[in-house]
Amino acid sequence: MRGALRYVGARFVTTALVVLGAMLLLFALTALVPGDPATALIGPQATPEYARRFIVEMGLDQPWWRRLFTFLSRLLVGDLGTDVLSGRPVIQVVGAVLPYTFALTGASIGLALLLGVPLGCYAATHRGSTADGLLAFSSVTLIAIPSFVIAIFLLLLFSIYLDWLPVLGGGEPGNWVDGGKRLILPTVALGVGWIGFVARLVRTSMLEVLGENHIRTSRAYGLPDRLVVYKYALRNACIPTLAVLGVGIGRLLGGAVLVEIVFARPGLGRLIYDAISTRNFAVLQGAVLVVVVAFVLTNLLVDLSYSVIDPRIRRQDPVR
Amino acid sequence: MTILSGSGRTARAVASRPGGALGLAVVAAILVAALASPIVATHDPDALDILHRFAGPSAEHWLGTDHLGRDLYSRLVFGARVAMEVALFAITAALVGGTLLGTLAASVSAGWERPILVLFDVISSFPSLVLALAAVAVFGPSTLLVMIVVAATLLPHFGRVARAQVLGVRNAPFIEAERLLGASETRIVLHHLLPNIAGPLIVLASIDLPVVITVEAGLSFIGLGVRPPLASWGTLIYDGYAYLSDSKLPVAVASAALGIATLGFTLFGEALRDAVDPRLDGGR
Numbered sequence: 360m361r362g363a364l365r366y367v368g369a370r371f372v373t374t375a376l377v378v379l380g381a382m383l384l385l386f387a388l389t390a391l392v393p394g395d396p397a398t399a400l401i402g403p404q405a406t407p408e409y410a411r412r413f414i415v416e417m418g419l420d421q422p423w424w425r426r427l428f429t430f431l432s433r434l435l436v437g438d439l440g441t442d443v444l445s446g447r448p449v450i451q452v453v454g455a456v457l458p459y460t461f462a463l464t465g466a467s468i469g470l471a472l473l474l475g476v477p478l479g480c481y482a483a484t485h486r487g488s489t490a491d492g493l494l495a496f497s498s499v500t501l502i503a504i505p506s507f508v509i510a511i512f513l514l515l516l517f518s519i520y521l522d523w524l525p526v527l528g529g530g531e532p533g534n535w536v537d538g539g540k541r542l543i544l545p546t547v548a549l550g551v552g553w554i555g556f557v558a559r560l561v562r563t564s565m566l567e568v569l570g571e572n573h574i575r576t577s578r579a580y581g582l583p584d585r586l587v588v589y590k591y592a593l594r595n596a597c598i599p600t601l602a603v604l605g606v607g608i609g610r611l612l613g614g615a616v617l618v619e620i621v622f623a624r625p626g627l628g629r630l631i632y633d634a635i636s637t638r639n640f641a642v643l644q645g646a647v648l649v650v651v652v653a654f655v656l657t658n659l660l661v662d663l664s665y666s667v668i669d670p671r672i673r674r675q676d677p678v679r
Numbered sequence: 003m004t005i006l007s008g009s010g011r012t013a014r015a016v017a018s019r020p021g022g023a024l025g026l027a028v029v030a031a032i033l034v035a036a037l038a039s040p041i042v043a044t045h046d047p048d049a050l051d052i053l054h055r056f057a058g059p060s061a062e063h064w065l066g067t068d069h070l071g072r073d074l075y076s077r078l079v080f081g082a083r084v085a086m087e088v089a090l091f092a093i094t095a096a097l098v099g100g101t102l103l104g105t106l107a108a109s110v111s112a113g114w115e116r117p118i119l120v121l122f123d124v125i126s127s128f129p130s131l132v133l134a135l136a137a138v139a140v141f142g143p144s145t146l147l148v149m150i151v152v153a154a155t156l157l158p159h160f161g162r163v164a165r166a167q168v169l170g171v172r173n174a175p176f177i178e179a180e181r182l183l184g185a186s187e188t189r190i191v192l193h194h195l196l197p198n199i200a201g202p203l204i205v206l207a208s209i210d211l212p213v214v215i216t217v218e219a220g221l222s223f224i225g226l227g228v229r230p231p232l233a234s235w236g237t238l239i240y241d242g243y244a245y246l247s248d249s250k251l252p253v254a255v256a257s258a259a260l261g262i263a264t265l266g267f268t269l270f271g272e273a274l275r276d277a278v279d280p281r282l283d284g285g286r
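Chains as they are written, first to last, in my numbering: chain A, 360 to 679; chain B, 3 to 286.
Just chain A, same shape as in the assembly (with noise of 0.2 Å):
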């Protein structure tokens, strides 16, 4: 028990560390920034009147630690600051697109867990057949083929040849027909890769735990095949499965950020690069900050949950 609570209060240190991190890499990205401040903000069209009035509403006449103070104490009360441009808070800007992302990276993952997992299955009790090559090798084109190209030829072929699906954003919001038909070709695109990925992993760690002695065992005591595979094999198998999608969730998001360039869908991704081309700053540390908070709070929830489904992960050192 002493050694679960260690584990666990070792993984919350570490996920502030990583979250601390961040925030001061943003801040010393924005005290980076070259050229005057001001004029990297609003513009040089700006009134001086207006520069220097600016400068002391965003604080930018004070020293950096004071400023990094204020940066640090605001994010603790979740205080993103003010979008410039439109004068909203930043939270409600971020707030307005993250739902679209989501549904995004949770629809691909869903669709890589469901068509996955089962092919995984399956190549593993049937080792060596033809299907299990090919499962074997187009899991591996499915992996190395970068997600946006996926998008690119999708689009092509979907949206532009066929004419079957609708091109380009997310919908109007609440016509929710509309919306998950402008989610499917993004979906596919983003998550074909990861059908492949988690078939794989799910063969590698199912053949692993099918040649272990109380498989061996369950089967010898003539229980069906199914429920040997399904039941007792899988749960041993899930474990390597959740440990390497909490660390992909980072790659997905990457991923995500481009394939809804491609498509034009609204979201952290396009907020990203909006705020990059405008110069937006207190909309991209905002943005940034919660694509590595949510990153850091999952792979957080899968290190625990894991270590729910397998005891024996507490007892290591969790620093590995």
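Don't take every hint at face value.
Quick look at which bits of chain A chain B covers, simulated, 3 or more residues with Cβ under 8 Å [to be verified]:
| id | stretch |
| --- | --- |
| 1 | 373 to 380 |
| 2 | 627 to 636 |
| 3 | 645 to 653 |
Facing chain B, a subset of chain A residues (Cβ under 10 Å, in silico) [claimed, not checked]:
| id | residue |
| --- | --- |
| 4 | Ser506 |
| 5 | Leu611 |
| 6 | Phe640 |
A short list of chain A residues far from chain B (calculated; beta carbon distances all over 12 Å) [claimed, not checked]:
| id | residue |
| --- | --- |
| 7 | Trp423 |
| 8 | Leu427 |
| 9 | Leu434 |
| 10 | Val443 |
| 11 | Gly469 |
| 12 | Gly539 |
| 13 | Ile543 |
| 14 | His573 |
| 15 | Ala579 |
| 16 | Tyr591 |
| 17 | Ser664 |
In case anyone wonders, no lab produced these hints; they're calculated from the structure.
C-beta: ideal position from N, C-alpha, C; glycine also.
Assemble chain B onto chain A, guided by the hints.
Then chain B, alone, in the frame of chain A:
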């Protein structure tokens, strides 16, 4: 150097696997294109020919032309050079830095181990593409920045593997023997540790290569990586995507080239891993 002395044998082992042969062919083709771009290309990649913009494939332009009438095939060839330059720099930097830190964490006094491992954890906790975007926002897009960010995000991969390898070898009997004979720590690291941990690190480098290509192309695709007019695969897709309503060919050709390249390097990397150390792959 265990892996280098057996490189002929390793190459044969890679080529004997169906995926490996395909990967090797693609990698070889890309390397030739990158090293001998001016010879392999049929046109100057930047030569404009406005009258023949969006031309289809022909004997003159094998893969057609883009929105400025530039020869797509030649631009793809020079794009291979950019991709290889970025990948080589980023991978080498990550390999050297990661090996140094990993060896340091495993072999020198224990005080270094924890901070280095925490550093690795922190770096790998950042979604790399998002980190790259934030860096680009501040410093402006540049090829060098792409290389640095990619190298930084790959550092923990190499560091962790190097540490694990050193921990495995450090107390092997032959190292003990060398120590008893009075060899210095430096000699042990240079002559025994590094050659023995080189294999898995080189395999890791080949596995990470398509990842680097993807990140560079991704950043360039949204106009935040390699700057036009330099022909990178990402900028070619970017250009093609912008003129999608005029012609579908440029974006299709450039995306296909990128897809084939990443697939080829992945197949090659996996075959290399299987050939060097079958244990690294879980029972396939």
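Structure-based check of all given hints:
{"no.": "1", "hint": "373 to 380", "verdict": "holds (count 4)"}
{"no.": "2", "hint": "627 to 636", "verdict": "holds (count 4)"}
{"no.": "3", "hint": "645 to 653", "verdict": "holds (count 3)"}
{"no.": "4", "hint": "Ser506", "verdict": "9 Å, holds"}
{"no.": "5", "hint": "Leu611", "verdict": "9 Å, holds"}
{"no.": "6", "hint": "Phe640", "verdict": "7 Å, holds"}
{"no.": "7", "hint": "Trp423", "verdict": "15 Å, holds"}
{"no.": "8", "hint": "Leu427", "verdict": "16 Å, holds"}
{"no.": "9", "hint": "Leu434", "verdict": "16 Å, holds"}
{"no.": "10", "hint": "Val443", "verdict": "15 Å, holds"}
{"no.": "11", "hint": "Gly469", "verdict": "20 Å, holds"}
{"no.": "12", "hint": "Gly539", "verdict": "25 Å, holds"}
{"no.": "13", "hint": "Ile543", "verdict": "20 Å, holds"}
{"no.": "14", "hint": "His573", "verdict": "18 Å, holds"}
{"no.": "15", "hint": "Ala579", "verdict": "22 Å, holds"}
{"no.": "16", "hint": "Tyr591", "verdict": "19 Å, holds"}
{"no.": "17", "hint": "Ser664", "verdict": "17 Å, holds"}
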